[in-house]
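Going line by line, the protein sequences match chains A and B. Residue 1 is where the first sequence starts when you use the UniProt record's numbering, and the numbers rise one by one after that. Residue 1 is where the second sequence starts when you use the UniProt record's numbering, and the numbers rise one by one after that.
No lab work stands behind these hints: they were computed from the structure. Don't take every hint at face value.
Said to hold, decoys possible - Cβ-Cβ distance ranges computed for the label pairs, FRET-style:
| hint | chain 1 | residue 1 | chain 2 | residue 2 | range |
| --- | --- | --- | --- | --- | --- |
| 1 | B | Trp302 | A | Thr94 | 34 to 40 Å |
| 2 | B | Asp21 | A | Gly227 | 24 to 30 Å |
| 3 | A | Ala140 | B | Glu168 | 51 to 57 Å |
| 4 | A | Leu55 | B | Tyr112 | 27 to 33 Å |
| 5 | A | Glu108 | B | Pro56 | 46 to 52 Å |
| 6 | B | Glu108 | A | Ile170 | 42 to 48 Å |
| 7 | A | Leu55 | B | Pro56 | 23 to 29 Å |
| 8 | A | Asn287 | B | Phe190 | 34 to 40 Å |
| 9 | A | Arg19 | B | Glu303 | 16 to 22 Å |
| 10 | B | Ala140 | A | Leu196 | 33 to 39 Å |
| 11 | A | Gln141 | B | Gln38 | 21 to 27 Å |
By construction, the Cβ of each residue, glycine as well, lies at the ideal position given by its N, Cα and C atoms.
Number of protein chains: 2
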Amino acid sequence: MTGEFGLIDRFFKQRQTQRKDVQLGIGDDCAIVKVPEQVRLAISTDTMVSGTHFLPETDPAWIAHKALVSNLSDLAAMGATPAWCTLALTLPETDSVWLSRFCDAFFELASYYNIQLIGGDTTRGPLSITLTVHGFVPEAQALTRNGAKVGDWIYVTGTLGDSKAGLELILSAEQTLDDVSRELEKRHYFATPRILAGQSLLKQASAAIDISDGLISDIQHILTGSGVGASIDVSRLPISEALRQYVGGDMVKAQQYALTSGEEYELCFTIPDENKGSLVSALSHCNTPLTCIGQIRSQGQWELHHEGNPLLWELAGYDHFQQEK
Amino acid sequence: MTGEFGLIDRFFKQRQTQRKDVQLGIGDDCAIVKVPEQVRLAISTDTMVSGTHFLPETDPAWIAHKALVSNLSDLAAMGATPAWCTLALTLPETDSVWLSRFCDAFFELASYYNIQLIGGDTTRGPLSITLTVHGFVPEAQALTRNGAKVGDWIYVTGTLGDSKAGLELILSAEQTLDDVSRELEKRHYFATPRILAGQSLLKQASAAIDISDGLISDIQHILTGSGVGASIDVSRLPISEALRQYVGGDMVKAQQYALTSGEEYELCFTIPDENKGSLVSALSHCNTPLTCIGQIRSQGQWELHHEGNPLLWELAGYDHFQQEK
Chain A
1 MTGEFGLIDR FFKQRQTQRK DVQLGIGDDC AIVKVPEQVR LAISTDTMVS
51 GTHFLPETDP AWIAHKALVS NLSDLAAMGA TPAWCTLALT LPETDSVWLS
101 RFCDAFFELA SYYNIQLIGG DTTRGPLSIT LTVHGFVPEA QALTRNGAKV
151 GDWIYVTGTL GDSKAGLELI LSAEQTLDDV SRELEKRHYF ATPRILAGQS
201 LLKQASAAID ISDGLISDIQ HILTGSGVGA SIDVSRLPIS EALRQYVGGD
251 MVKAQQYALT SGEEYELCFT IPDENKGSLV SALSHCNTPL TCIGQIRSQG
301 QWELHHEGNP LLWELAGYDH FQQEK
Chain B
1 MTGEFGLIDR FFKQRQTQRK DVQLGIGDDC AIVKVPEQVR LAISTDTMVS
51 GTHFLPETDP AWIAHKALVS NLSDLAAMGA TPAWCTLALT LPETDSVWLS
101 RFCDAFFELA SYYNIQLIGG DTTRGPLSIT LTVHGFVPEA QALTRNGAKV
151 GDWIYVTGTL GDSKAGLELI LSAEQTLDDV SRELEKRHYF ATPRILAGQS
201 LLKQASAAID ISDGLISDIQ HILTGSGVGA SIDVSRLPIS EALRQYVGGD
251 MVKAQQYALT SGEEYELCFT IPDENKGSLV SALSHCNTPL TCIGQIRSQG
301 QWELHHEGNP LLWELAGYDH FQQEK
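Given only the sequences and the hints, what does the whole structure look like? Please build it.
Take a look at the structure:
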């Protein structure tokens with residue numbers, strides 16, 4: 001667990017969230033932690049690589065935020081409460097300005113979600129960040145992808161499509177500094193992991209996933225895992241005012257963005273009909289927008305429609321975006 | 001937890017060790033596992049980067065072995081019993097031959113140590129492997145770096161110096177295929193994580209660490225953590241017959257290798273005088289060679305000697321090797 005750079009003491013031991021269940025944190029061969037009785041441990045790993053997931057010159061604070069959010073979002077999708085994480089950081093050189101900005105942002109967000117960094121490895125090489133996160137879920141209550149039933153309602157949190165638009169703006173040569181562009185760019189790097197919503201869905205939802213590859217791609221995991229189909233009304237996809245302005249009011253384009261935008265870190269989940277009434281009150285303390293976008297159908301049934309009218313553009317759009325990935 | 005390549009199903013779901021404490025393995029946003037009551041969880045992360053930790057053309061089976069061993073060794077150094085791991089694999093391209101060889105070796109070794117792969121992320125980028133391992137330790141019994149006391153005896157497992165010699169052979173332009181070279185090269189990639197020895201040391205040792213950066217560097221972590229010094233007799237360092245032949249019988253050179261060779265994955269540990277008698281029998285089932293190389297002294301006292309005679313070469317040698325790192 002020691003790194004080549006000897007940076008661990010300087011940057012990673014300081015300003016830490018101190019959880020009582022961490023018996024031994026950074027600085028030994030392993031961390032030692034205590035898992036409460038009658039909970040299960042949820043564990044996930046995500047890597048972000050320079051040039052693949054972010055541009056090399058990206059602000060290290062943004063990289064730290066995106067890396068932690070993408071991992072916290074996996075915990076949110078299980079309804080888990082964040083507990084601890086390990087960080088494997090590969091850097092081309094020792095750059096204390098870079099590290100300082102990275103760590104400031106990392107620890108601020110980690111502290112907000114009460115997740116403690118308990119170990120890591122700093123190595124020399126092409127810039128990449130691998131986080132492994134750990135959280136708690138009540139016994140036999142985790143939100144999986146496998147529980148959706150025919151007739152369940154399909155919901156998403158927040159708005160969809162912004163992250164893709166933000167990424168386009170970041171990658172475009174033109175520097176745009178208007179409010180709409182800034183909002184979309186911010187949405188790409190500073191998404192909100194839906195931790196509170198996920199926890200509140202534990203007793204409500206039949207299945208859940210976070211939107212990391214794009215709604216149309218991620219929802220397939222629920223459909224495959226649960227052995228069901230789905231019908232989605234694209235006119236109900238939640239579109240932000242910023243995205244509406246970005247596409248110049250072209251709602252077909254906005255809906256295509258909403259279907260295919262990755263790294264949204266919103267939740268997509270299914271709700272049995274009998275829970276539909278209690279859903280809004282169960283999530284009222286989260287301040288998380290919820291939108292019903294469709295319903296679970298029998299296996300093999302899969303349709304996108306617009307207020308009941310079949311869509312002609314959907315499959316072409318879908319394939320096109322799949323190839324882009 | 002989904003990857004860009006869609007390789008997870010094909011390569012990582014198959015041929016898995018199936019542990020009963022894994023409620024949900026690969027394939028959802030998180031894995032869900034159960035931690036037994038009255039144990040603590042030991043967690044560690046290590047990264048290996050192509051060009052830094054291995055040559056790009058290295059046999060993927062060797063890479064898999066080295067990556068898993070370096071992580072298992074961290075569990076061994078805490079006296080932990082392996083349970084689960086996650087694997088973040090970054091690859092420049094989808095290469096099913098490479099993946100197949102990597103996975104065959106990975107799963108064979110994982111199965112031997114009863115550690116189950118419960119999640120991962122495959123991403124596109126420069127070749128690197130990050131593993132996060134989880135193991136169990138009895139409550140309040142983990143082997144840390146902080147418990148060494150003045151008078152404790154300092155031990156190491158196995159032999160030291162082979163890994164450094166093996167790496168030199170691997171990096172040298174000359175292809176040497178004699179038995180000695182093969183043995184040393186194998187030792188570099190196929191070290192034995194001292195899991196059984198670590199477990200057996202739980203009630204015996206006052207402190208422990210695994211030798212990943214070199215004995216002289218790693219033992220400093222015990223001395224600093226415990227607030228003590230040490231006296232080491234270099235004539236007692238365990239040298240393999242292969243290393244003896246490699247250095248042409250030059251025992252000073254062999255001892256310098258033993259002091260500075262990294263990636264040995266042997267354990268260095270301290271034993272209170274009252275446990276010295278029971279140590280050999282406590283570890284008799286492990287078939288692990290043990291050598292007493294010195295004794296813990298008061299803080300500030302640090303000496304390398306040769307059968308009681310002070311060494312003149314030691315500090316120069318130490319600094320030299322430190323600079324090479």
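Evaluated hints:
1. Trp302/B - Thr94/A: 34 to 40 Å: Violated: the Cβ-Cβ distance is about 27 Å, outside 34 to 40 Å.
2. Asp21/B - Gly227/A: 24 to 30 Å: holds, 26 Å
3. Ala140/A - Glu168/B: 51 to 57 Å: 54 Å Cβ-Cβ, so the 51 to 57 Å window holds.
4. Leu55/A - Tyr112/B: 27 to 33 Å: For Leu55/A and Tyr112/B the Cβ distance comes to about 42 Å; the hint is violated.
5. Glu108/A - Pro56/B: 46 to 52 Å: violated, 37 Å
6. Glu108/B - Ile170/A: 42 to 48 Å: Given range 42 to 48 Å: holds, Cβ gap about 43 Å.
7. Leu55/A - Pro56/B: 23 to 29 Å: At roughly 24 Å between Cβ atoms, Pro56/B and Leu55/A fall inside 23 to 29 Å, so the hint holds.
8. Asn287/A - Phe190/B: 34 to 40 Å: violated, 54 Å
9. Arg19/A - Glu303/B: 16 to 22 Å: violated, 40 Å
10. Ala140/B - Leu196/A: 33 to 39 Å: At 34 Å between Cβs, range holds.
11. Gln141/A - Gln38/B: 21 to 27 Å: For Gln38/B against Gln141/A, whose Cβ atoms are near 23 Å apart, the range 21 to 27 Å holds.
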